[in-house]
Amino acid sequence: MTTSAPTNPDRLPPALRTEALEQLLVERGLVDPAVMDKFIKTYEQDVGPLNGAKVVARAWTDPEFKQRLLDEGTAAIKELGFGGPQGEHIVVVENTSNTHNVVVCTLCSCYPWPVLGLPPSWYKDPAYRSRMVREPRVVLAEMGLELADDVEVKVWDSSSEVRYFVLPERPADTEDSSEDELAAMVTRDAMVGAGKVGS
Amino acid sequence: MTLSLDIEGPAAPPRSNGELVFEEPWQSRAFGLAVTLHDAGALSWDDFREHLVTRIDDWERTHPPAECWSYYRCWLQALESVVADRGMVGATEVADRAATLADRPAGHDHTH
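Residue numbers (the numbering used here), protein chains in the order written: chain V, 666 to 864; chain C, 12 to 123.
Hints listed in this document are in silico derivations from the structure and should not be mistaken for laboratory results. One should not assume that every hint holds.
[Stated by the list, open to error] Cβ pair distances, simulated, as ranges:
hint : chain 1 : residue 1 : chain 2 : residue 2 : range
1    : V       : Asp736    : C       : Ala117    : 57 to 63 Å
2    : C       : Pro36     : V       : Glu692    : 16 to 22 Å
3    : V       : Pro698    : C       : Asp58     : 22 to 28 Å
4    : V       : Ala699    : C       : Ala117    : 25 to 31 Å
5    : C       : Arg115    : V       : Pro698    : 17 to 23 Å
6    : C       : Asp57     : V       : Gln732    : 27 to 33 Å
7    : V       : Asp702    : C       : Pro116    : 25 to 31 Å
8    : C       : Ala51     : V       : Asn763    : 46 to 52 Å
9    : V       : Asp727    : C       : Thr73     : 48 to 54 Å
[Stated by the list, open to error] Here's a subset of chain V near chain C, in silico, CB distances under 10 Å, partners left out:
hint : residue
10   : Pro698
11   : Asp702
12   : Tyr708
13   : Pro750
14   : Ser774
15   : Pro785
16   : Ser786
17   : Asp790
18   : Ala792
19   : Arg794
Positions of the beta carbon are idealized from the N, C-alpha and C atoms, including for glycine.
Looking at chain V on its own, in the form it has when it is part of the complex (with noise of 0.2 Å):
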């Protein structure tokens, strides 16, 4: 009789430890298979980066909002309905024509979730929790944003403490535009401070 050789644990791929692993915690009554399902709907589905781009649009229609956001930004995030996990401290900081902020979590991946959903794989990458904190201008040209010598680069590293939300600046000729239209303009990037809104 042969049998073949026992699998080596310590080459097993991540997919076998983690379906390892959530059998051997629904098995202990540790963890809902049906409360995880909905969590893992819920951020693959439901929150994203729209929240916070209405949350922008707020901000540039609604003067009193915008400081009660720039003042305390959990709370006033929490007005528009979102809130939950990762979204306990939020520091929102504004971007004007002579300061530019950007985010970077240095250490992990620490990210305002109730506004901009998980964070992107770029987020994430060594090379920009390094390098974002020691070249921003010249991260930021390489992901298409050239900013002028006279503007103030600012860099804010998340934390467990502290989630930063970038509050960016209202395109010129967006007067007429509704808060709709203002919401659909402001993209994920521009919140982390990787972009600007209509560049």
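Assemble the complex: chain V is given as a structure, and chain C must be docked to it using the hints.
Same frame as chain V, now just chain C:
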């Protein structure tokens, strides 16, 4: 050393809002496990984040030159170490179960 920013490849910065959140199904499962355990009060997010930071730092310092970066591999390792620390599931239990799953006959997940 300057790491190059991946402009065209899988880590490329997208120019719009559209992007797949997870590249492979297991990544969504690993994500869902952590969020569900946190929601149930079984793990603290700060605790999980500390493990994640450690795993990412380990990878950045020690990874083989040819090994591609995988954020969710670090995430999974962090999750495994948190649940082991908390006495929920031991590391060898996960490896043993995964080895059992690996030895399933081909086509096990097909119904005919």
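Exercise for the section: Run the structure past the numbered hints and jot down the numbers of the failing ones, going up. Expected result: Per hint list: zero violations.
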